[in-house]
Structures are given as C-alpha cells and as structure tokens.
Amino acid sequence: MSDCVKSWAELPDLPDSKGHFGVYGGLFVAETLMAALDELRIAYEKYQHDPEFIKELDKDFQDYVGRPSPLYHAERWSQQLGGAQIYLKREDLNHTGAHKINNTIGQALLAKRMGKTRIIAETGAGQHGVATATVAARLGLECVVYMGAVDVERQAQNVYRMKLLGATVIPVESGTKTLKDALNEAMRDWVTHIDDTFYIIGTVAGPHPYPAMVRDFQSIIGREARAQCIEKTARLPDALVACVGGGSNAMGLFYPFMRDESVEMYGVEAAGDGLETGNHAAPLCAGVPGVLHGNRTYLMEDENGQISHTHSISAGLDYPGVGPEHAWLKDVGRAHYVAISDDEAMAAFYALTQIEGILPALESSHALAYAMKLAKTMSKDKNIIVNLSGRGDKDIHTVATRDGIEF
Amino acid sequence: MSRIAATFERLKSNNRKALIPYITAGDYTPELTVPLMHAMVEAGANIIELGVPFSDPMADGPVIQKAAERALEHNVSLRDVFEMVKAFRMQDKRTPVILMGYLNPIEAMGYAEFASAAANAGVDGVLTVDMPPEEGGECIPLLREQGVDPIFLIAPTSTAARIASLVSNASGFVYYVSLKGVTGAGHLDVEGAAEKLKSIRQVTDLPLGVGFGIRDAETAVAIGKEADAIIVGSAIVKKIEEGAGNPALITANIVAMLSSIRGALDQSIPN
Ligand SMILES: Cc1ncc(COP(=O)(O)O)c(C=O)c1O
Chain A
1 MSDCVKSWAE LPDLPDSKGH FGVYGGLFVA ETLMAALDEL RIAYEKYQHD PEFIKELDKD
61 FQDYVGRPSP LYHAERWSQQ LGGAQIYLKR EDLNHTGAHK INNTIGQALL AKRMGKTRII
121 AETGAGQHGV ATATVAARLG LECVVYMGAV DVERQAQNVY RMKLLGATVI PVESGTKTLK
181 DALNEAMRDW VTHIDDTFYI IGTVAGPHPY PAMVRDFQSI IGREARAQCI EKTARLPDAL
241 VACVGGGSNA MGLFYPFMRD ESVEMYGVEA AGDGLETGNH AAPLCAGVPG VLHGNRTYLM
301 EDENGQISHT HSISAGLDYP GVGPEHAWLK DVGRAHYVAI SDDEAMAAFY ALTQIEGILP
361 ALESSHALAY AMKLAKTMSK DKNIIVNLSG RGDKDIHTVA TRDGIEF
Chain B
1 MSRIAATFER LKSNNRKALI PYITAGDYTP ELTVPLMHAM VEAGANIIEL GVPFSDPMAD
61 GPVIQKAAER ALEHNVSLRD VFEMVKAFRM QDKRTPVILM GYLNPIEAMG YAEFASAAAN
121 AGVDGVLTVD MPPEEGGECI PLLREQGVDP IFLIAPTSTA ARIASLVSNA SGFVYYVSLK
181 GVTGAGHLDV EGAAEKLKSI RQVTDLPLGV GFGIRDAETA VAIGKEADAI IVGSAIVKKI
241 EEGAGNPALI TANIVAMLSS IRGALDQSIP N
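Each protein sequence line maps, in turn, to chains A and B.
My numbering puts the first sequence at residues 1 to 407.
My numbering puts the second sequence at residues 1 to 271.
FYI, nobody ran anything at the bench for these hints, they're computed from the structure.
These numbers were taken from a predicted model, which means no experiment stands behind them.
Built from N, CA and C at the ideal position, the CB exists for glycine as well.
One or more of the hints may lead you astray.
[Said to hold, decoys possible] Derived DSS-like pairs (lysine-lysine); straight-line CA-CA distance at most 25 Å: (1) A:Lys-232 with A:Lys-112; (2) A:Lys-59 with A:Lys-6; (3) B:Lys-66 with A:Lys-177; (4) A:Lys-382 with A:Lys-330; (5) B:Lys-12 with B:Lys-225; (6) B:Lys-238 with A:Lys-177.
[As the list claims (entries may be wrong)] Calculated Cβ distances over 12 Å to all of chain B for the following chain A residues: (7) Ser-7; (8) Asp-189; (9) Asn-295; (10) His-311.
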C-alpha cells in the first residue's frame, strides 16, 4: 500500500476535474481539439446521470448486447489446476463477441444526443471496429474505421465484417502500421471534421474525458461480476485477472471492486517474445512515463522519447501505451501488473478450448494464462474471476498459421 | 530584447511581414539542415521554424509525417537538433529559431534540461503541439527562466475564453492555425482567418503568425493582409521530398519558392 493511500476503502475518486489520475491522464492535444473535447465532457457530465439515457443504455445492454453476461465456474479446469476456483466473466458471449460493444453502445448513444452524424474509430484486432460499425449501422450513422495496414492483413475477417456493416475501413500506412498509427490517423480525421464527427475511442486511453467515460461504460462488467460472485459464492472474489491492451476490459472489471480491501487485482500485459527481448507490448511492466495520444501514462519508448515498435501475437494488445488510470493504480499499488508471453497465451488458449470447450480470444488468453499460474499458488477455497473479454473465432487464422495449417 | 521581439520590431518599422518557413530537422539528411537554414534566410526568411521529428506526429498531414519518418531513419534526436541550432548560430546570430514538435521527446529529456539546452543552443521559442497551457504548469516557467518563448497555437475552434488564456501564457508571437485540420491541408479559410485575427488583436499586442495551408505567394498575400507573419511548412517540405536527396536541387527549389513569396509579400504592402 502506498504512503498517500492508507486503505483501499479510502481510494480517492478520480480523475480530477482536469482528467488527472495523480500525475497521469490529462488533456495533451492540439488546440483545435480542445473545444471538441470540452463539448464531449460537458455532454457526458450531463447525460451520465440522466435517467432517460441510463434507461436506454440498460435496455440496449439487455436486449441488444445480451447482458448480463454469465459468470461461469470453470470447474473442470480449476480441478485440473488443483488450486483456486476459476470463474470466467463471459464477455465473449456479448453480441459481436467481445466487451468492446459495452463502450460503443454508450458512446454512440451520446453521439446521437449531441447531434453528430458521422462516427470514426480506430481499431487493432478489429473488435472495436466491428463493435463501432455495428452500432453505427443500427443508428444509421456514417462510419469510418482506421486500421493499421499490418492489422488489416492479419485480421482480414474483421475487415470484411466491418465492410458488410456498411463502414469504410481505411488502412493506415504511416509509422508502424498498427493500432497506435490508426489512433493518430483517427485524431487527424477528427480535427478535420470536428463539427459533425464523433470519435469513439475503443479503450480507456486518449485525452480526458475518454479514460473515465470508457471505464464507466465498461464498469457494467465489474458490477455484474460482483453481484454474481456474491450470489454464487456468498462472498467477494479473492482475485481479479484481466488482460491489458489499452486497459478497458480490465478497468471495467476492476473499477467496482476498487474499494474492496480483500480483492487483489492483476492486469496482464503482452510479453510477446519475452520482456528481455524487447519484442513485447508491456508498457506497465517495462516502460516509462511519457505523453502520447492525449494523456500522460506508461509508454514503450527509446531513450529519445520516440515510441517503440511493439509485438504481441494478439493485435488487440499490440499497443505501446496504456490507459492512465492503470498507470496510477500501478504506482499506488492497488493493482499488480504482470506479463504473459505469446507461447504462454497459446498454451492457455488450447487449455480452455480443450478442457472447457470455450475458444478464447488471444487477448483474453493472456489473462487465462496468468490465472493458471495464480490459481496454483492459491488454495481450493479461494476464487478468481477472469475476464474472458472476447471469443477466439477471429483468431482462428493466427492459431492455424502457427500450427502450420492453411485453409 | 529577445531575437523574436527584435525581429518583429524591425520588420514592423519597415512595414514588412515576417516570412517563417518550416522544415523538419534531419530531413532529407542531417547534413542538409543547417545549410538549408542559411539558404532560406538568404532567400528572405525572417524566422526559422525547425521541426523536431517524432514517431507519432498526430497534428501533421502526410507530407510532414514523411519528413519525420525520413529524419528518424537517421535517428535524429532532440540533442541532434540542438547541435544543428548551435551550428547555425556560428554564422547567424540574428535569425530567431523556433522548435516545433511534440511533448514526449521533451519529457524524455526532462523539462529543466530541455529548457537550458534550448537556451544554450540558441533556440528562441518552443511550440509544443500537444502541450496546451493547462498542462504546461511545470514546463512554461522553466522556458521563461531561460529566456525561451513558449509559443501556443490558437485554432478556429478556440473560444474567446481560451484565446484569452492562450495569449496570457504566450510570448514571442501567437500562432493562428488557419484551418480545421492537419498541416498541409488544402482548405485554407482566408476570410474566417481574417475575422478571427481581428478578434485576437483585441486581446493581445503580440505579433500574429498564421500557418497551416499556406502554400504559395497567392495564399501568403491573402493571409498577409491581416497577419504579421506567414508560416509555410508542407509546401517547403514537399520540395525536400521531391528533391529526393539532391541537396542542390532541394535548396534551389526552396530558395525559388521563398523568393517568390517574399517578393509578393513585400509588393502587396503599400508604402
Ligand atoms: C477480446 C479483446 N480483449 C481485450 C482487448 C484489449 O483491449 P482493452 O485492454 O482495452 O480491453 C481487445 C482489443 O482489441 C479485444 O478485442
């Protein structure tokens, strides 16, 4: 526990009015965007507590997304591991196959109330792009999705899904041609079309108010999980585990448990080929604080402050930054951050598929892999909730290629 | 008096506009930068805006993005940029140099070291695209202590309240972004800019520079009617790209372009 926070029950309510989580977060953008971000913040503050808005969101969560998602006791897997009981929060069963839709539904409802007619988004794995194209189709809004050219290639199926949904997918050829470059390009689009365009950021990163707003929309995960866990086990879980790309599924699970003293939290980053190789995407485990994409947070960068190339087998974790609230949670010690390699994630992918009959997303497989390790260190009467953030269908190609199979 | 203030004063007394070309330091090669800076001064530039290459230039269009990528292929760092300014200063003690870039390389160096190294090298002003005054509480005073002017952007979307706050934090000059978009975009709004400049004049005595979207003598003259300084970036960087590593050709093309803009600007003003 850190010096300034005496007890987790007394954790401050962040961000502050300027979007800061301690020294992290904030609003580091070019002047042209300041007015748009102010407009967004004011709209969000207005509708966040508006009964009509909440009612519409709840209805969509239930009837369109299929919430609540189950909390599933992976009994067979837990037994084989021989330690703590593992419960899976089944975000993979949501419409479009991942947690991303919780956030896109929320932001799209906000866009509609703000009178915006055009939606833009960045995407890495394509899950956020699909979730955005989905809500845009449903609300009849124009949708443009920016995606790194490398990701367009390795997530071809999701590109096609977005096109079927009526979105325009623009491959981004600049920089490393991955998620961070897609974010840059979306920001450039936004400054150019600021009057009619709403930018739906897909994770708890970006300038204020995005980190807080996306967290709030994703917090449905943790609120449900908390109630479901108490209902099933008559107490709170002992540990939470979630993968961390930008960090939205992790924040969504963690946030409602933040002040529960007894609940440990583990965010799992992508160690890629191994932290020691430099080929990874683990800014919290191996990065330094800096400023990128509108906020101060931990980043992977070289000694001159240039953002580094990242590597992960999962496109959704292949990002050199992380949401600023995670940076703060790391520094105050409320959450622990660990890293899982490509190989370890693959092993967990096979384990869950073969033992429980559930194909997890490669992103989520990182969380599962750490949960395997953690469970073995805990007794059988302890409970772990793992956020199964998405389903693995989108990754079949990557897995098959690794197995030397071509379709 | 600072070099920037002295330059604007001198120009004003001659009833002339400041011409400010932008190049990215280290583009096409690190060796090109300093000679090109001198050549641009010869051709009529009054202030040089030197871009610090960054891996993720969010506010820049494709032309300047590629310039940063070319410079980064030579691993040009902030320290290298300071060396270039030092080398430039050996021959030119009069022309102000302004660094334009993004915050992360500065954070990596540390604000205090950055401010003193900038002053030591002979840098006169710093424009950090992604550091609004609200986030500059630590950095801005350090720059001022060293006599380096913090320069801020004002955008078409800036409200009256923000403009007041921006000009109260700025010194040197104020940089008005003439369009909603990234550097090098094509939809310059001359009338909108003129109107906004008038409203900015009411709240500050600082000289007003205008940039983003000015690409030739004609657009420079149109904007020059209301502005004190004209900033030309992508149109110049484009010449570097087209010169494909031929320093003589690049320099000749840029000199020709600047001379034409300089001539048109000087002619457009009645004596
Ligand atoms: C299934 C799944 N899980 C996790 C992530 C990582 O994002 P975040 O850390 O914001 O939850 C992604 C991103 O594409 C994803 O598709």
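Which of the stated hints cannot be reconciled with the structure, identified by number in ascending sequence?
Numbers 1, 2, 8, 9, in rising order.
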